[in-house]
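These protein sequences, in sequence, are chains A and B.
By this note's numbering, the letter at position 126 of the first sequence is numbered 126, and the numbering carries on one by one without gaps.
By this note's numbering, the letter at position 2 of the second sequence is numbered 2, and the numbering carries on one by one without gaps.
Calculated directly from the structure, the hints in this document are not laboratory data.
Keep in mind that a hint or two might mislead.
Facing chain A, from chain B, some residues (calculated, C-beta under 7 Å) [what the hints assert, rightly or not]:
hint : residue
1    : K51
2    : I52
3    : T53
4    : Q60
5    : T81
6    : M83
7    : R86
8    : I90
9    : N91
10   : V93
11   : F94
12   : S95
13   : G96
The beta carbon of each residue, even a glycine, is placed where N, CA and C say it ideally should be.
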Amino acid sequence: MRINKLIIAWTLYLFNLSIFAQTSDLRTYGYFDLEAEISNRNTEGKRGTFDQHHFNIVSVFTLDKNFRIYGEIEWEHGAVIEGGGESTGKVVLEKSWVEYKRTDAFKIKLGKFLPPFGIYNLKHDATPTFLPVFLPSSLYGTHENTVGSKQRLYAKFGTGIQFLGSCFTRDWETNYYLYLINGRGPRPHERDSNANKGFGGRLSVSPPMAGLTIGLSYYSEINGNAQDTRQTTLAFDASLERADFFLEAEFFLPQLEEVDIDSIPTGDFRQGNGYYVQGAYTFRDRFTPFVRYDFYDPDMDGKSDNEQDIVLGINYSVTSRVYLKSEVHQVSFQESSDDNYEMFVAAIVVAF
Amino acid sequence: MRNEKLWIFLLVMFFFATSDKTEAQIAVIVNESNSCDNLSTSELERIFLGKITTFSNGDQIVLVQFEPLSKQFYHKVLHKTPMKVRKHWINMVFSGGSGMPPKECSSLDQITKLFADHPGAISFVELSEVLEGMKVVSIDSKLPQDEDYPLK
Chain A
1 MRINKLIIAW TLYLFNLSIF AQTSDLRTYG YFDLEAEISN RNTEGKRGTF DQHHFNIVSV
61 FTLDKNFRIY GEIEWEHGAV IEGGGESTGK VVLEKSWVEY KRTDAFKIKL GKFLPPFGIY
121 NLKHDATPTF LPVFLPSSLY GTHENTVGSK QRLYAKFGTG IQFLGSCFTR DWETNYYLYL
181 INGRGPRPHE RDSNANKGFG GRLSVSPPMA GLTIGLSYYS EINGNAQDTR QTTLAFDASL
241 ERADFFLEAE FFLPQLEEVD IDSIPTGDFR QGNGYYVQGA YTFRDRFTPF VRYDFYDPDM
301 DGKSDNEQDI VLGINYSVTS RVYLKSEVHQ VSFQESSDDN YEMFVAAIVV AF
Chain B
1 MRNEKLWIFL LVMFFFATSD KTEAQIAVIV NESNSCDNLS TSELERIFLG KITTFSNGDQ
61 IVLVQFEPLS KQFYHKVLHK TPMKVRKHWI NMVFSGGSGM PPKECSSLDQ ITKLFADHPG
121 AISFVELSEV LEGMKVVSID SKLPQDEDYP LK
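Work out the full structure: start from the sequences and follow the hints.
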């Protein structure tokens with residue numbers, strides 16, 4: 001019921017904006033994707049399925065030279081919202097923020113945003129912006145934490161305040177982001193469940209060496225969805241783009257606080273690490289085969305519980321807005337060979 | 001002998017048929033009320049990638065893409081194909097970047113209208129097609145007529 005109200009409100013919002021657009025600048029964008037997956041992921045054997053994963057509408061309303069509003073609503077997995085509770089999929093307000101721009105070097109974002117963590121969290125669900133169907137699961141997927149639930153190593157969404165900007169000096173480019181958000185909890189976009197705030201930042205630098213960008217990301221919070229344990233993740237990234245060749249890598253170090261038998265945080269931390277490396281080459285402006293090695297070890301000192309994903313794929317740009325993607329994954333877990341699986345996934349992705 | 005002449009004639013014809021057409025002399029233009037007179041090549045690149053979004057006088061930059069020259073312009077300024085430029089903008093929009101994709105124009109009339117509406121408009125046209133209300137900006141202190149103009 002609440003979601004229905006949200007959809008109606010959003011429609012009215014767009015309608016109203018379009019009236020204002022006669023004198024101001026409203027632009028509407030979106031993306032769509034359909035995935036097809038075949039895998040032997042579960043114990044029941046080979047599995048095949050379609051997934052109408054994303055249908056997202058993005059509206060950017062520029063009020064004047066200083067202020068703009070950005071909103072994105074997502075219908076995920078072919079969302080069906082039924083009054084009787086027989087709902088499937090999700091409707092999510094992915095982003096909703098107002099930005100004040102003093103200069104390109106100093107901007108403030110207020111609202112709900114994707115914290116800029118690593119290369120990709122800023123555009124996490126926007127499948128037209130990246131080559132593969134699935135982002136590296138080591139850094140962008142979920143993993144079991146110290147209280148036994150599966151979560152990301154940082155908050156995917158955050159509500160709060162963000163300072164950001166870009167600085168240019170001759171051939172150098174520097175981008176910075178600093179943000180303070182509620183952090184994760186039962187109702188993270190409405191009220192904080194503990195006195196702590198999620199805090200993070202990202203710094204990326206492009207030196208004069210053409211096509212090279214290096215970055216550093218940090219996030220720390222007391223996670224209200226994980227028995228108020230402290231979680232901190234530090235990540236380093238580098239990407240190199242030279243003509244049609246593209247190489248990127250990220251390395252990260254998550255620290256998750258342990259809990260005792262009564263689920264009370266102990267002050268001791270589980271130190272993990274992970275990384276991925278992805279290389280790609282574009283032929284004839286359209287065909288981009290890529291290969292990726294993805295690794296995650298949740299506990300560097302403890303048991304043998306590493307996981308890895310080897311990916312081989314191709315991205316074909318039918319036009320600049322329509323992409324066909326396909327990739328093969330070989331996922332293996334060190335601890336339990338039964339969980340190993342192979343997966344083929346293909347997708348059509350459209351940006352509009 | 002006659003066959004040789006025929007082959008030479010065919011080769012010459014093939015050369016002309018496959019060689020690139022003469023490239024247009026590109027002028028970067030802003031609204032005549034804009035105080036900007038000169039841009040460096042790196043500033044021009046950052047502007048057309050949406051990384052710099054305001055002029056020094058505070059005007060919001062509005063990118064205007066003149067379709068007939070876009071391939072040549074992007075190749076010279078951004079070193080990218082039009083396909084890569086469009087992908088760059090898709091990336092910019094969905095990651096919430098400040099830059100807004102260029103407004104696409106296929107005629108000079110459309111550019112003239114946009115320039116009248118937006119004091120911060122910037123575009124590129126053939127030098128011979130610069131109209132009233134537009135001002136040619138020098139690039140690295142060189143004008144399109146200069147021998148070492150960077151967009152030649």
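Task: Hint check, S95/B versus chain A [nearest Cβ-Cβ separation less than 7 Å] - done: Cβ of S95/B sits 4 Å from chain A, so the hint holds.
Task: N91/B as an interface hint toward chain A, with CB separation required under 7 Å - done: holds, 5 Å
Task: Supplied contact hint for Q60/B, tested at 7 Å Cβ to chain A - done: holds, 4 Å
Task: T53/B as chain A interface residue, shortest Cβ-Cβ below 7 Å - done: holds, 6 Å
TODO: Could you check if G96/B really has its C-beta closer than 7 Å to a C-beta on chain A?
DONE: At about 6 Å, which falls below the 7 Å cut-off, the nearest Cβ of chain A leaves the hint on G96/B intact, so it holds.
Open item on the list: Min Cβ distance, R86/B to chain A: is it shorter than 7 Å?
Closed with: With a minimum Cβ separation of about 4 Å from chain A (threshold 7 Å), the hint on R86/B holds.
- [ ] Under 7 Å, Cβ to Cβ, is where K51/B needs to be relative to chain A, so tell me if that hint holds or is violated.
- [x] With a closest approach of 6 Å, the K51/B hint holds.
- [ ] Answer holds if the nearest beta-carbon of chain A is closer than 7 Å to that of T81/B; otherwise answer violated.
- [x] Cβ of T81/B sits 5 Å from chain A, so the hint holds.
- [ ] Classify the hint on I90/B as holds or violated, based on whether any CB of chain A lies nearer than 7 Å to its CB.
- [x] holds, 5 Å
Task: Satisfaction of the F94/B interface hint, Cβ to chain A closer than 7 Å - done: Status holds, d = 4 Å.
Task: Interface hint for M83/B, Cβ within 7 Å of any Cβ on chain A - done: holds, 5 Å
- [ ] Tell me if V93/B is really an interface residue toward chain A, meaning its C-beta lies closer than 7 Å to one of theirs.
- [x] holds, 5 Å
Hint compliance for this structure: no hint is broken.
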